[in-house]
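Engineer: Sequence:
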Amino acid sequence: MTTIPTLSHGRVTIRPLRLRDTRDLDVALASNRSWLRTWEATNPSGHVSTDVRGSIRALQANARAGLGLPFAMELDGRFVGQLNVSGISYGSLASASIGYWVVEDAAGHNVTPIAVAMAVDHCFRVVGIHRIEICIRPENAPSLRVVEKLGFRYEGLRRRYIHINGDWRDHFCFALVAEEVREGVLDRWVAGRVPAGVGSVPLAARDEAAMPLDTRPRIQ
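In UniProt numbering, the protein residues as written are 1 to 220.
Treat the hints with care, since some could be wrong.
Stated by the list, open to error - Computed spacing ranges between beta-carbons, pair by pair:
| hint | residue 1 | residue 2 | range |
| --- | --- | --- | --- |
| 1 | Asp-207 | Pro-5 | 16 to 26 Å |
| 2 | Ile-219 | Arg-20 | 54 to 64 Å |
| 3 | Asp-26 | Thr-215 | 29 to 39 Å |
Honestly, the hints are just simulated from the structure, not real lab data.
All values derive from a computational prediction rather than experimental measurement.
Beta carbons: idealized from backbone N, C-alpha and C, even for Gly.
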């Protein structure tokens, strides 16, 4: 099992997601439904689970297997969202991906970039991960600002990559490798040393994302 730490910077804390978070998580999801729905992963089969406690148990089981790190995000000690390091692999790949969400009234307080930076630093320095990836829908401007602030490199467009809000959605892919940020993601950002423009999406990529993928049957 990979140990899940409690990490803090200023007003922001990330800590292990626990079963006792069930009520706070349920309330946050219900009261922010319209805010979150656009970016929420969905099941292509149409099955929708509302078992919040069960989802926490599943994330904890994944963590015990060493495959994930489920964090609760707090602002001034209040539960405001989730951050999940998932798909952890070791050995010659040594990689993982990060996903997150935050409640609407916590937006604008740098909760997400601080939380992401602390989680990535922990993965690089303690877990032994070499590469961290974040995939974001082209329409998700707030998340695109997060990777731009932290200096994640743009790596490409993934067509119809994740089922979101009822359909397969394109995502921009961003990544960092450990040797790019030896001083730490958080320290580099706080010190203002993030290279200008490194997290920006090229105009050509935005133009490509604006063109729907042609999925019509081919006539032989």
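Engineer: Each hint needs a verdict: does it hold in this structure or not?
Structural biologist: These are the hints, each one checked on the structure:
no., hint, result
1, Asp-207 to Pro-5: 16 to 26 Å, "41 Å, violated"
2, Ile-219 to Arg-20: 54 to 64 Å, "58 Å, holds"
3, Asp-26 to Thr-215: 29 to 39 Å, "37 Å, holds"
The structure does not agree with numbered hint 1 stated previously, though it agrees with all others.
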